[in-house]
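The residues making up each chain are set out below.
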Amino acid sequence: RKEVEQDPGPFNVPEGATVAFNCTYSNSASQSFFWYRQDCRKEPKLLMSVYSSGNEDGRFTAQLNRASQYISLLIRDSKLSDSATYLCVVASFNKFYFGSGTKLNVKP
Amino acid sequence: DAGITQSPRYKITETGRQVTLMCHQTWSHSYMFWYRQDLGHGLRLIYYSAAADITDKGEVPDGYVVSRSKTENFPLTLESATRSQTSVYFCASRGAKTGSTEAFFGQGTRLTVV
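Line by line, the protein sequences give chains Y and H.
In terms of our numbering, the first sequence is residues 1 to 108.
In terms of our numbering, the second sequence is residues 1 to 114.
Keep in mind the hints are simulated off the structure, nothing from the lab.
Some clues are possibly wrong.
Using 20 Å as the maximum straight-line C-alpha spacing, the simulated PhoX-like pairs for lysine-lysine come out as follows [unchecked claim]: (1) Y/K42 <-> Y/K2; (2) Y/K79 <-> Y/K103; (3) Y/K42 <-> Y/K103; (4) H/K57 <-> Y/K2; (5) Y/K95 <-> H/K57; (6) Y/K45 <-> Y/K79; (7) Y/K2 <-> Y/K103; (8) Y/K42 <-> H/K11; (9) Y/K103 <-> Y/K45.
Given the structure is predicted, the values throughout are model-derived calculations rather than measurements.
Using the sequences plus the hints, can you model the full thing?
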């Protein structure tokens, strides 16, 4: 079983739409959680960390449900520049495990 | 400039040859990682290192060797390259602080084995 599972998409949405990505992880002892963004097979870059209480950064909101081992990312008011692949990342014992990524295409 | 750099950026090699991919970071981060990225698989951990002279296997270590004699360098060697090792390889590093410290990635090495 994979450490981290994501819906690969693609999600095709119009500008201004709200879109949600989900992710599940298998190791209940996982310690840290992140969303990374990757453009066109360039290096992944941190979008935001995910905290148990939920956290928001502008148009982006991340949620963590430890009981269900589930992480989510909500993007409001989508922009063309949000088009990318979003990677769910779970850190367990200092190893970082990546989901396969969810591709987002924002259309004009 | 401070950061994490990989070399070479692109490499074509023949089956059976030994290839070494280099990774260098200037932050003195304790942890370093090697990943490979293939379509449909996302990033898969090959090896990681918690400190100089401490390395451990990840999800897909077969056919690879690593070393870490200095904190700043973490080379990845393909002892006898195979076509299945054609991939994009990313090196990453993070600090030793536990909790939500992020990992930073190099720009990647695109390796083609022919």
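Against the structure, the hints come out as follows:
| no. | hint | result |
| --- | --- | --- |
| 1 | Y/K42 <-> Y/K2 | 23 Å, violated |
| 2 | Y/K79 <-> Y/K103 | 14 Å, holds |
| 3 | Y/K42 <-> Y/K103 | 14 Å, holds |
| 4 | H/K57 <-> Y/K2 | 16 Å, holds |
| 5 | Y/K95 <-> H/K57 | 10 Å, holds |
| 6 | Y/K45 <-> Y/K79 | 18 Å, holds |
| 7 | Y/K2 <-> Y/K103 | 19 Å, holds |
| 8 | Y/K42 <-> H/K11 | 16 Å, holds |
| 9 | Y/K103 <-> Y/K45 | 15 Å, holds |
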